Amino acid sequence: MQTALQGIRILDLTRVWSGPLAVRILTDLGAEAIRIESRGQRGPAAVPDWQVKRSGFYPNNERGERGWNRNAFINEMNRNKLGITLELNRPEGVEIFRQLVAISDVVIENYSPRVLNNLGIDYGHLRAVRPDIILVSMPGYGLSGPYRDRVAYGTTLEPEAGLSYLMGYPDRGPQRLGVAYPDPVAGIHAAGAVLLALWHRRRTGEGQHVELAQIESAVAMIGEFVLAYQLTGTLPPRLGNRHPWMAPHGCYPCRGEDRWITIAVRSNNEWQALCGVLGQPWLNTDKRFATPLARWYHQDELDAIIAAWTRERDAFDVMDELQQVGVPAGVVCDGRDLATNPHLVARGFFPRLEHPDAGTHFYPGLPIHLSRTPASYRADAPALGQHNRFVLAELLGLTGARIDALASAGIIGDRPLA
Amino acid sequence: MTIAPLKGIRVLDLSNGVGGAYCGKLLACYGATVTRIEASSGSALRREGPFRDDRPDPNTSALQLYLDTSKRAMTLNLEHPDGQRLLRQLVTTVDVLVEDAGQQRMTELGLDYSRIAAIAPDLIYVSVTPFGNDGPYATYQATELTLYALGGYMALTGDPDREPLQGPGAQPSYLAGVYAFVGVMAALWARADGHGGQFLDISAFEAIAASHQWTISRYSYSGMVQRRIGNRYDSGHPITIYPTADGYISIGISTDEQAQRFFVLINRPDLGEDPRFATNLARLEHADELDAIISPWFAVRTSAEVVALCQEMRVPCARVATIADLLADPHLQQRGFWQEIAHPYAGRLLYPGLPFHLPAADGSIQRAPLLSEHSVETLEEAGEAHTDLGRLRALGGI
Numbered sequence: 001m002q003t004a005l006q007g008i009r010i011l012d013l014t015r016v017w018s019g020p021l022a023v024r025i026l027t028d029l030g031a032e033a034i035r036i037e038s039r040g041q042r043g044p045a046a047v048p049d050w051q052v053k054r055s056g057f058y059p060n061n062e063r064g065e066r067g068w069n070r071n072a073f074i075n076e077m078n079r080n081k082l083g084i085t086l087e088l089n090r091p092e093g094v095e096i097f098r099q100l101v102a103i104s105d106v107v108i109e110n111y112s113p114r115v116l117n118n119l120g121i122d123y124g125h126l127r128a129v130r131p132d133i134i135l136v137s138m139p140g141y142g143l144s145g146p147y148r149d150r151v152a153y154g155t156t157l158e159p160e161a162g163l164s165y166l167m168g169y170p171d172r173g174p175q176r177l178g179v180a181y182p183d184p185v186a187g188i189h190a191a192g193a194v195l196l197a198l199w200h201r202r203r204t205g206e207g208q209h210v211e212l213a214q215i216e217s218a219v220a221m222i223g224e225f226v227l228a229y230q231l232t233g234t235l236p237p238r239l240g241n242r243h244p245w246m247a248p249h250g251c252y253p254c255r256g257e258d259r260w261i262t263i264a265v266r267s268n269n270e271w272q273a274l275c276g277v278l279g280q281p282w283l284n285t286d287k288r289f290a291t292p293l294a295r296w297y298h299q300d301e302l303d304a305i306i307a308a309w310t311r312e313r314d315a316f317d318v319m320d321e322l323q324q325v326g327v328p329a330g331v332v333c334d335g336r337d338l339a340t341n342p343h344l345v346a347r348g349f350f351p352r353l354e355h356p357d358a359g360t361h362f363y364p365g366l367p368i369h370l371s372r373t374p375a376s377y378r379a380d381a382p383a384l385g386q387h388n389r390f391v392l393a394e395l396l397g398l399t400g401a402r403i404d405a406l407a408s409a410g411i412i413g414d415r416p417l418a
Numbered sequence: 001m002t003i004a005p006l007k008g009i010r011v012l013d014l015s016n017g018v019g020g021a022y023c024g025k026l027l028a029c030y031g032a033t034v035t036r037i038e039a040s041s042g043s044a045l046r047r048e049g050p051f052r053d054d055r056p057d058p059n060t061s062a063l064q065l066y067l068d069t070s071k072r073a074m075t076l077n078l079e080h081p082d083g084q085r086l087l088r089q090l091v092t093t094v095d096v097l098v099e100d101a102g103q104q105r106m107t108e109l110g111l112d113y114s115r116i117a118a119i120a121p122d123l124i125y126v127s128v129t130p131f132g133n134d135g136p137y138a139t140y141q142a143t144e145l146t147l148y149a150l151g152g153y154m155a156l157t158g159d160p161d162r163e164p165l166q167g168p169g170a171q172p173s174y175l176a177g178v179y180a181f182v183g184v185m186a187a188l189w190a191r192a193d194g195h196g197g198q199f200l201d202i203s204a205f206e207a208i209a210a211s212h213q214w215t216i217s218r219y220s221y222s223g224m225v226q227r228r229i230g231n232r233y234d235s236g237h238p239i240t241i242y243p244t245a246d247g248y249i250s251i252g253i254s255t256d257e258q259a260q261r262f263f264v265l266i267n268r269p270d271l272g273e274d275p276r277f278a279t280n281l282a283r284l285e286h287a288d289e290l291d292a293i294i295s296p297w298f299a300v301r302t303s304a305e306v307v308a309l310c311q312e313m314r315v316p317c318a319r320v321a322t323i324a325d326l327l328a329d330p331h332l333q334q335r336g337f338w339q340e341i342a343h344p345y346a347g348r349l350l351y352p353g354l355p356f357h358l359p360a361a362d363g364s365i366q367r368a369p370l371l372s373e374h375s376v377e378t379l380e381e382a383g384e385a386h387t388d389l390g391r392l393r394a395l396g397g398i
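Each protein sequence line maps, in turn, to chains A and B. Counting from 1, position 320 in the first sequence corresponds to residue 320 in this note's numbering; the numbering is continuous, with no gaps. Counting from 1, position 250 in the second sequence corresponds to residue 250 in this note's numbering; the numbering is continuous, with no gaps.
For the record, the hints were derived by calculation from the structure and aren't laboratory data. Small disclaimer: the values here were computed from a predicted structure and weren't measured. Built from N, CA and C at the ideal position, the CB exists for glycine as well. Fair warning: there could be bad hints in the mix.
To be verified - Over the 10 Å line for every Cβ pair with chain B, so calculated as not near, a few chain A residues:
no., residue
1, Ile103
2, Ala190
3, Gln272
4, Gln299
What the hints assert, rightly or not - If the Cβ cut is set under 10 Å, some of the chain A residues that face chain B in the computed set are:
no., residue
5, Pro59
6, Pro91
7, Asn117
8, Leu119
9, Tyr153
10, Ala180
11, Ser217
12, Val219
13, Trp260
14, Trp309
15, Met319
16, His343
17, Leu344
Build the full structure now, drawing on both the sequences and the hints.
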């Protein structure tokens with residue numbers, strides 16, 4: 001089956017989430033990626049049992065023989081990729097890397113800015129190997145600016161990019177999302193940046209060094225607030241689950257432990273429909289709720305009425321009833337709800353892949369459905385160093401003896417360093 | 001001056017919501033000619049606000065000003081046969097169409113993919129919706145709140161003993177918008193490889209579901225269901241927000257070495273010897289006790305002081321920024337991230353710059369178009385004679 005990005009080869013030097021996600025998206029779209037890891041990158045060889053259980057990352061909470069190949073997060077991020085190990089702090093490792101650059105289209109990395117320089121593989125060096133190489137760097141603060149060399153994590157970038165101040169309980173302070181949100185934001189943008197650079201090269205023959213500062217792509221996701229502040233002179237109040245003009249708009253308790261339904265009403269029609277489902281016809285004519293503005297002012301009372309009703313009911317039943325009459329409603333779904341969601345399952349959103357060490361599991365897929373060149377889930381994530389021999393022999397033409405020597409010298413391998 | 005990478009690519013952007021519009025914005029900023037197709041009173045973005053001086057005006061809505069940068073704008077009445085005819089004419093002159101009404105609605109208008117592809121087979125036709133065009137939820141209604149909930153983000157956000165929380169602004173739709181942009185770029189590449197045009201379906205629900213960190217993989221491998229823990233983070237502590245004397249800071253101590261340096265900084269090196277605080281997970285397990293000890297240190301200092309002291313010790317720490325803080329941020333300022341742009345009705349404002357940079361091929365941010373600003377010239381370019389425009393206007397086609 002033809003894919004969109006067939007024939008493109010990417011060298012993946014990225015770590016953790018944002019970078020590996022960018023590359024995963026591109027491989028889902030058909031590009032080939034060679035993931036280059038140091039043998040220290042996946043942690044120690046033997047993670048203690050209590051840590052295995054605490055993390056929830058291992059199949060059935062069992063470390064297994066090669067636990068470093070059974071980590072759910074690593075495997076989720078790196079499907080479809082070929083995996084090799086290289087110690088880039090050794091000249092022989094850098095030499096192999098250079099040979100790979102010569103046969104690749106893109107190199108992508110999310111190190112802090114000085115690292116590539118220190119390793120002798122910055123853009124200037126890469127260009128010397130391949131003049132039209134595309135290098136994509138995605139550091140937290142960018143490659144320039146006064147905060148350039150600060151340690152950057154998604155968890156501190158999110159509040160620093162202004163997102164946390166815009167959310168939270170009204171009676172409390174700023175709130176973070178429950179994920180390191182700037183990471184996927186940067187990752188998805190970076191996938192787009194790679195494709196833009198490839199498009200430019202297709203037209204002009206030119207490569208380039210693309211820069212994505214994660215704090216900037218995060219601010220891009222709340223740009224309207226920046227303009228609103230300048231236009232109105234005021235900062236928005238912290239609204240909890242409420243909305244600047246919609247009412248009712250909130251999160252209501254349902255039957256069961258930690259079960260909630262969200263409901264949002266955008267118009268008088270939706271309000272009438274909600275009243276019908278609540279089965280309290282007097283609500284339709286109550287002046288306190290007759291217009292959007294009136295409903296907004298009387299939200300406290302509205303919320304109490306709605307919560308009294310939802311509290312007795314199953315969250316999915318409520319969603320179903322409300323959606324049937326066209327009222328926006330969404331169950332607050334946890335990981336289990338999400339993974340078993342009938343809509344996502346029906347859309348084929350959870351490909352199942354088999355891993356030699358981790359077994360068969362389902363993973364989140366690509367949210368882009370293309371009619372002619374659909375997403376391709378070809379293989380589970382590579383075991384550490386799984387494709388060392390394949391890449392070195394088949395793609396670089398190294399002899400078996402040479403590869404054995406590299407392994408003996410510790411430049412490549414398939415076990416963690418410690 | 002370099003040439004923007006997408007120069008020569010033409011896009012029709014029919015969006016009324018954030019997702020489709022953000023996809024169109026990215027295409028426009030990196031050089032594509034993107035033309036908004038709006039109802040005569042303007043898209044829903046123009047009604048959302050907030051507005052200049054809090055006075056509703058289709059040309060001063062912050063949401064539209066932001067999402068429509070670098071685009072052109074025309075009005076077409078797509079419920080009128082003449083409007084539909086004009087759109088069918090326009091699609092034969094462009095490379096990409098973005099819609100967010102959904103294919104059911106577009107079919108009612110005679111503008112669904114199969115009909116359009118018959119006259120424009122190379123067109124890349126993108127549909128950005130809350131749930132996609134098929135599946136059990138295809139006809140479901142949604143707002144950002146309900147998508148945060150269904151998409152699993154809310155269950156991870158907020159205190160364990162209170163209601164969960166929605167995120168800021170319109171992240172579900174923005175995520176759909178970036179994915180749609182990636183999809184368009186991939187489809188352009190495929191078309192250049194000879195695969196022709198195609199239909200792209202992107203949904204906000206899937207975009208959020210694909211943006212989880214550990215949630216799905218943990219459940220898939222071990223059945224663990226991740227729960228919310230307030231501002232804390234599940235791999236260590238302190239990775240959270242603390243009040244300071246004049247605001248809040250966010251700290252991200254993720255290794256034992258960073259923790260040691262922090263304990264030295266606050267003059268409590270003994271804490272590093274305490275087994276309760278010696279490792280990431282121990283610190284998380286004893287987070288309440290640790291917070292009781294360290295919170296006062298933050299509370300009596302200003303945010304600037306805390307950040308400076310921590311950064312000096314290579315402890316990851318940053319201010320929790322308000323919008324005002326962002327605009328005054330020295331790093332963003334010196335990087336030239338804020339672009340001052342004039343607009344006839346909104347005035348001179350600072351706009352966020354590009355989300356990434358291609359030095360060999362500059363993108364750029366230009367002001368958003370006024371309502372119907374380019375209607376006449378777009379139609380003229382498409383071959384509608386001047387006399388016809390008057391008739392069309394009278395009949396309500398434009």
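Status of each hint after checking the structure:
no.	hint	in the structure
1	Ile103	holds (20 Å)
2	Ala190	violated (7 Å)
3	Gln272	holds (14 Å)
4	Gln299	holds (14 Å)
5	Pro59	holds (5 Å)
6	Pro91	violated (28 Å)
7	Asn117	violated (17 Å)
8	Leu119	violated (21 Å)
9	Tyr153	holds (4 Å)
10	Ala180	holds (6 Å)
11	Ser217	holds (4 Å)
12	Val219	holds (5 Å)
13	Trp260	holds (6 Å)
14	Trp309	violated (16 Å)
15	Met319	holds (8 Å)
16	His343	holds (4 Å)
17	Leu344	holds (6 Å)
Consistency note: the structure conflicts with the earlier hints numbered 2, 6, 7, 8, 14.
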